[in-house]
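Undergrad: Chains as they are written, first to last, in my numbering: chain B, 282 to 411; chain A, 9 to 230.
It should be emphasised that the hints constitute simulated quantities derived from the structure, not laboratory data. Certain hints may be false.
[Claimed, not checked] Stretch by stretch, here's where chain B covers chain A in the computed footprint (C-beta under 8 Å, at least three residues):
| no. | segment |
| --- | --- |
| 1 | 42–50 |
| 2 | 99–110 |
| 3 | 154–165 |
| 4 | 193–199 |
[Claimed, not checked] Straight-line distance between alpha carbons at most 30 Å, and here's what the computed DSSO-like set of lysine-lysine pairs gives:
| no. | chain 1 | residue 1 | chain 2 | residue 2 |
| --- | --- | --- | --- | --- |
| 5 | A | 28 | B | 332 |
| 6 | A | 112 | A | 226 |
| 7 | A | 190 | A | 112 |
| 8 | A | 87 | A | 109 |
| 9 | A | 13 | B | 332 |
| 10 | B | 332 | A | 229 |
| 11 | B | 327 | A | 13 |
| 12 | A | 159 | B | 332 |
| 13 | A | 109 | A | 227 |
| 14 | A | 226 | A | 28 |
| 15 | A | 87 | A | 190 |
| 16 | A | 226 | B | 327 |
Glycine included, each C-beta is placed from N, C-alpha and C at the ideal position.
If you want the building blocks of each chain, they are given just below.
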Amino acid sequence: MFLCIYYICIAGYTLTMHEVALMSSILDTLRESAVQNGISNITQIKLVVGKFSMALPDSLLFAFEALGQEELFMGAVLEIEERDINCICHDCRQSFSLDNDYYFICPNCTGHNTEIISGRELYIDYYEGD
Amino acid sequence: MVQIKLESNILGSNELLARKNRSDFKNQGMLVLNLMSSPGAGKTTLLERTIEALNGQLRLGVIEGDLYTDQDAQRIEKKGVQVIQINTEGTCHLDAGMVGKAFKDLPESSNLDIIFIENVGNLVCPAEFDLGEDYKVVVLSTAEGNDKPLKYPLIFHQSRAVILNKIDLLPYTDFSLERFHKDLENINPTAQTFMLSGRTGQGIREWTDWLLEEVNRKKGKI
């Protein structure tokens, strides 16, 4: 699925970014599901994107505009919900959230044995259509 | 109007293929490292020095990811190890499907101890794509500046080892080792750090000693 060439040429610039590959995969999933469910026009798409994924919402929206040009996606609104970064410390069992500092050391016990419990999401939640 | 709940992971197909790769690598008992950096940080030179240093001790193979050319693969081939080239034709990262295909092209008899996957030069996208490797390894060079871990936290957080390359150029740059270590400790407190120069060979030994240790661990000797 990710083997294709992903280029968008706009105003003479050639742009390659992985959000294009991601959006291509999202649209494939939606096309397949729409056929299965007898849907010919999608009106709303909801994505969930963690703040610690490398997918930028603006770039996803841009890729959607560029790639979703067919009848099925005409007029569809792409909504992207961003999820904050939250971690748990396996030493003291406290959870903590990260702002923009990306410090993965536990603020409670200074333990290093921490794990991300949210913020890495990258999924299609639902879509609506007729 | 109907609502269809999908909860479908966008990277799901890649993750399935990565799981398959991981199981294939495990069956053959080989250590697989996904080497990532920005363009020009010195991944290929590091591989050349690593191959020279481990010559005769380990059987090495390289999967070489590049946008269009096979220049890096030619350099590695000269060192006498197995190389499989992947050209991504413009895609900014390798994915598990590409690596799985390349792995099949390696002769079964090669019986390798380590496969290095040299990813496309990019600090953003490769971090998102699991290839089935044992470890991600990120290479940063002093000339790029010490702010990279903070600017690209995901790739530094995901990596088991962080290599600071071109350490011989340190006196000629504004790179702050203190700041680099402090940021890295916060982003990835358990990362193994190596400071070396692919050009002069300084610090290569510590890196190859770690590789030998990890190969033994993978083969269950530790």
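Undergrad: Does each hint fit the structure? Answer for all of them.
TA: Evaluation of the provided hints:
no.	hint	verdict
1	42–50	violated (count 0)
2	99–110	holds (count 6)
3	154–165	holds (count 4)
4	193–199	holds (count 6)
5	28/A with 332/B	holds, 28 Å
6	112/A with 226/A	holds, 21 Å
7	190/A with 112/A	violated, 41 Å
8	87/A with 109/A	holds, 23 Å
9	13/A with 332/B	holds, 22 Å
10	332/B with 229/A	violated, 40 Å
11	327/B with 13/A	holds, 10 Å
12	159/A with 332/B	holds, 14 Å
13	109/A with 227/A	holds, 24 Å
14	226/A with 28/A	holds, 18 Å
15	87/A with 190/A	violated, 37 Å
16	226/A with 327/B	violated, 42 Å
Hint check: violations occur at hints 1, 7, 10, 15 and 16; the rest are consistent with the structure.
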